[in-house]
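Participant: Chains as they are written, first to last, in the numbering used here: chain A, 99 to 621; chain B, 85 to 529; chain C, 21 to 148.
One should not assume that every hint holds.
Straight-line Cα separation of at most 30 Å, DSS-like style, residue types lysine-lysine; simulated pairs [what the hints assert, rightly or not]:
#  : chain 1 : residue 1 : chain 2 : residue 2
1  : A       : K106      : A       : K576
2  : A       : K446      : B       : K384
3  : B       : K431      : A       : K522
4  : B       : K405      : A       : K293
5  : A       : K609      : B       : K237
6  : A       : K106      : B       : K405
7  : B       : K431      : A       : K619
8  : A       : K446      : B       : K237
9  : B       : K504      : A       : K446
10 : A       : K522      : C       : K39
Negatives, chain B to chain C, calculated, CB over 10 Å [what the hints assert, rightly or not]:
#  : residue
11 : A104
12 : R119
13 : P127
14 : A130
15 : E132
16 : L256
17 : E262
18 : A282
19 : D383
20 : S395
21 : R402
22 : K405
23 : R485
24 : S526
Simulated from the structure, these hints should not be mistaken for laboratory data. Note that the Cβ used here is the ideal one computed from N, Cα and C, for glycine as well.
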Amino acid sequence: MGNPTGWKPSMEKDAKTTTAAHAEVGAGGATRGIVHEEPLLFERGSTGRSGVSLPAAGGDFDPARELPAALLRGGVEGMPEISELEVVRHFTRMSSWNHGIDTGFYPLGSCTMKYNPKSSEALARLPGFANVHPLAPAELAQGALELMYRLERALSEIAGFDQTTLAPAAGAQGELCGLMLIRAYHQAHGNPRKKVLIPDTAHGTNPASSALNGYEVVQLSSGADGRLHPETVKAAMDEDVAAIMITNPNTLGIFESHIAEIAEIVHAKGGLVYGDGANMNALLGVARPGDMGFDVMQYNLHKTFATPHGGGGPGSGPVGVKAELAPFLPLPAVVKEGERYRLVVDPKERPQTIGKLREFWGNFGMFVRAWALIREYGPEGVAQTGKLAVLNANYLRKLLQGAYNLPYETDSLHEVVFDDKLQKAHGVTTMDVAKRLIDHGFHPPTVYFPLVVSGALMIEPTETESKETLERFAAAMKAIAEEAQADPDAVKAAPTRPFRARLDETRAARKPILRWSPGMKVE
Amino acid sequence: MRYHPHTPEDVRAMLDAIGAESLDALFRSIPQRLRLSRPLDLPPAADEITLFSELRALSARNDTAHPPFVGAGCYAHHVPPVVDQLLLRGEFFTAYTPYQPEISQGTLQALFEWQTFVCLLTGMDVSNASMYDGATATAEAALMATRVTGRSKIVVSAAVHPEYRKVLATYLRSTGDEIATVPFGADGRTDLAALEKAVDGETAAVIVGYPSFLGVVDALPEAAAIAKRAGALTISVTAEAVALGLLQAPGALGADVAVGTFQSFGNPVSFGGPAPGFFALREQYLRQMPGRVCGATVDKHGRRGFVLTLSTREQHIRREKATSNICTNSGLCALAATIHLSLLGKKGLAELARLNYARGRMLKDALGRAGIAPVFSAPAFNEMAFDVGDAEAVVARLAKRGIAAGAPLGRWYPELPKAKGALLCVATELHTPELIELFAQSVKG
Amino acid sequence: MEIPDTLKYTREHEWARTKGTQVVIGITDFAQDHLGDVVFVELPDVGDTVKKGESFGVVESTKAVSELFAPVSGKVVEVNDPLGDTPETINDDPYEEGWMIVVEPSDPKELDALMDAKAYRAFVEEQE
């Protein structure tokens, strides 16, 4: 029986709602705007409308005459029938219920929610990029291939690896890819080994990816300073251990400063060191995982290189490796032969490859955006990104210290983790603080993670936020801390401003309604 | 640097507040010997004008003047401008996964609508919030079938997309599950006698394309009946989802799980990614479904709203016991598909599907007049393999004219009797009758 | 925090109550409170065997999954099926209506190794 998060979901249906306990305008600029209710697409009653303009088919081809009747359908029942303007309003109204980076500060720890440059979007939409087919002959796709080649070189350089595969669809698939490479490497040395060591601060994807790749997970405890210690690794390390997975800086925002020694311990027993590159933003241009003993690491382009996450994805999870793992990399690889670029897709050219991880060549649209940002930054801009991300996190840490408990006082890099210890004395939890931040116009930090901190508030400001934004956020956090003492019920009633108040997640899980169907009722 | 708002005075003031001497001092926890002592070896910074001129030149080295006649799992369709315009609203575009439902209702309602569209088109009870792509959705479906049935053999038709089968093999290598591949017959449909033989009491799932990689409307109902008799699940795979506007829903033909991609709706081909993979299934398997799912609920005032739900299946809670390691999916691509499907509606989708069917038939007739016959006789949707004599030579020849002619099947099926000649070609609403005629003449040479 | 004197307890927060030769099993008030609103429970079937200290099912809130560990070994003779539809019973009444399974123990002496109410109370206080 366990619930390490310290988060106890409990829906209070009749919680007291307060209206006047906060200022009319939140520190992040939140007031009530023009917000509309909007039904589901499928709840609209009209028939015969459509929002598309299509050419006549031409010719006389009737599927009913040519295909077996049993395989045909009359039309998709339940589909909406809406004009173009109605569709535009539907989604425009819905968008107003969302908070994005473009709306306001988004300090979601470990997600690196930095500004998504508009020029990257325009560039990804150039017809030559958007409309090039993955199976177009190489001579019709030289631009795409060259871009992939250059991005591969740049990513290898930035993290200090010999080669990088662009194939993985997202960070978690990058992890899986890395573990497959590790398995293939050990297999080639005669024994795939059995276990993967993972510190207790790790993202949930680390153990999930290990298990998906058939490895047993051994959890390691981090020390009182929030770091993994060499003696812990030494005690767990044996020749059954395939690898250790380390996020550096870890999810507490703390640099694993024993990394080189840990890598030595693992390497001495023939194990490999996997780096979860989710927090790569902290190290840009300052230090390189490949120089610290990591053998393999995944990037998350939507974090470090500002590709949009669009409410859940897409991601892109390139994986960098040291030379000894390169023969096992998934297909395709992009090679340059003279002035021509070519995709290697035939396993005969890479006999030790782990194979294909996803269809085609990777999330190319994300490659264009990431490359555009790297080009715009240049070496100084990339390095400045890492430094300013760390400056911002440390500034917020300074501003918030005292108002919130800091469970680990070790130096922070790009993010800092507080908890709700001081507020809990007044019955106010991390979730309450998070919801109250919404009333101030800010997206809450990551909450209840990492699991080593009960009631964690994990704050990652990123480098694209200004000093004033950080100060406004800190002011809101402090106001909430004060309110938690003076009027805890007001905090607990939050949020009061957005389109919806606290939603009943318990109800959603007990009686799942996961799609519209005729007569749908939610009570 | 326009994305960095810090003035030198800001930096100084912030450092002073922190009590650090310099930016470098903030990194004292990184041992000096682990730090990079030189600038990164990257091209120098580019201003916006330089950046655009450079990337425009690069993009111009991709010849996309003509819509591609190659599909093979990635389909060029018309994307109405409405899709991009709405998609680019920063509130959608720059949001993360909707962890805070009160300020993510836009994303969440759109996901709920996506899940509904997937269910309507596939005839399934439940859909998740999207997958990376069709190939990984297929692999995850196979893994799910092994969990549901406790069995370890996956039987897959050779007519399922070769890339999907490769990904399936990659995913299953570490679990030790077995894959048996069943050939297709001369008509292009899965060989049912061979399927019957391959499916046994150890079979967790049968995987069939619908339409298949060969463009053929495969024998899904018959394959599902065989699977059912053996207690195995049937997984249907759809890469050209426009077909579902014309063809019977996989769920109505016996499929238990429907996977694939909705790239055809609202998403450009973009050199193969990103695209919204989908994953739909019968309700009884819900607890074994991978990925995120959005559900309806009420807020504390009783108003309807949406949340991510059933998350205990997922990696951030169940960790190594999760149903999958997937975290980020393809939410934005799913939103694009949802917007496009909303525009299409019932009437537009049916029209688009018939239009694609018609253009496929037009291609067949045009090539027929040029003396080029289809390789397979089974009914097709908008994509067919044609015997062009030497497929690689045709591809090379048409590439010189800026046309992506098709996918030579010999690359994936060297054992096929007509492997050398078979060229898989597609025609969609983007291929006008004139262009199709021109193409047929060019293929003839 | 309710901790009935008549029950035996595990370190994983299950309780066990003897009923004739059989043992009724559920989770404690502390456990349900710690989890928050229970939304799902997965229990074995009648006829299955459970082994002391090993998992016999799971209980979930929206944010946490907890395995259920058997306080004694034996054969499952009864399962509280209605919990499938009304998992909230576990929150509302963990010691009575919220019972989970009844086991015919293979070695009733295993019960003796469990904590009594006093020991469990001390254990919980230490956990807090």
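Participant: A separate judgement is required for each hint: does it hold in the structure or not?
Facilitator: Cross-check of the supplied hints:
Between A/K106 and A/K576 the CA atoms are separated by roughly 24 Å; this keeps the pair inside 30 Å, and the hint holds. For the hint pairing A/K446 with B/K384, the CA-to-CA distance comes to about 60 Å; that exceeds 30 Å, so the pair is violated. A C-alpha spacing of about 56 Å is found between B/K431 and A/K522, which places the hinted pair above 30 Å, so the restraint is violated. Distance hint between B/K405 and A/K293 is fulfilled; the C-alpha atoms sit about 15 Å from each other, no more than 30 Å.
A threshold of 30 Å between alpha carbons decides the hint, and for A/K609 with B/K237 the separation of about 34 Å lies outside it, so the pair is violated. At roughly 21 Å between alpha-carbon atoms, A/K106 and B/K405 fall within 30 Å of each other, so this suggested pair holds. With a CA separation close to 26 Å, the supplied pair B/K431 and A/K619 stays within the 30 Å bound. Proximity of A/K446 to B/K237 is assessed by CA-CA distance (about 27 Å); at most 30 Å being required, the pair is judged to hold.
Distance hint between B/K504 and A/K446 is fulfilled; the C-alpha atoms sit about 20 Å from each other, no more than 30 Å. Annotation: proposed proximity of A/K522 to C/K39 is violated, straight-line Cα distance about 41 Å (limit 30 Å). Every Cβ of chain C is farther than 10 Å from the Cβ of B/A104; the closest lies at roughly 37 Å, confirming the non-interface assignment. The claim that B/R119 is not at the interface with chain C holds, since no C-beta of that chain comes within 10 Å of its own (minimum 39 Å).
Interface exclusion of B/P127 from chain C stands, the closest Cβ pair being 46 Å apart, more than 10 Å. At roughly 45 Å from the closest C-beta of chain C, the C-beta of B/A130 stays outside 10 Å, upholding its exclusion from the interface. For B/E132, the non-interface assignment is confirmed: its Cβ lies about 44 Å from the closest Cβ of chain C, beyond the 10 Å cut-off. Every Cβ of chain C is farther than 10 Å from the Cβ of B/L256; the closest lies at roughly 26 Å, confirming the non-interface assignment.
Every C-beta of chain C lies more than 10 Å from that of B/E262, the closest at about 28 Å, which supports listing it as non-interface. Consistency note on B/A282: stated as away from chain C, and its beta-carbon is indeed over 10 Å from all of that chain's, at 32 Å minimum. With a least CB separation of 15 Å from chain C, B/D383 remains clear of the 10 Å interface cut-off, as annotated. Listed as outside the interface, B/S395 is inconsistent with that label: its C-beta sits roughly 7 Å from the nearest C-beta of chain C, within the 10 Å cut-off.
The claim that B/R402 lies off the interface is violated: its Cβ sits roughly 6 Å from the closest Cβ of chain C, which falls inside the 10 Å cut-off. Non-interface status of B/K405 relative to chain C is broken: a Cβ of that chain comes within 10 Å, the nearest being about 8 Å off. For B/R485, the non-interface assignment is confirmed: its Cβ lies about 58 Å from the closest Cβ of chain C, beyond the 10 Å cut-off. No Cβ of chain C approaches the Cβ of B/S526 within 10 Å, the least distance being about 59 Å, so the stated non-interface status holds.
Against the hints set out earlier in the document, violations occur for numbers 2, 3, 5, 10, 20, 21 and 22.
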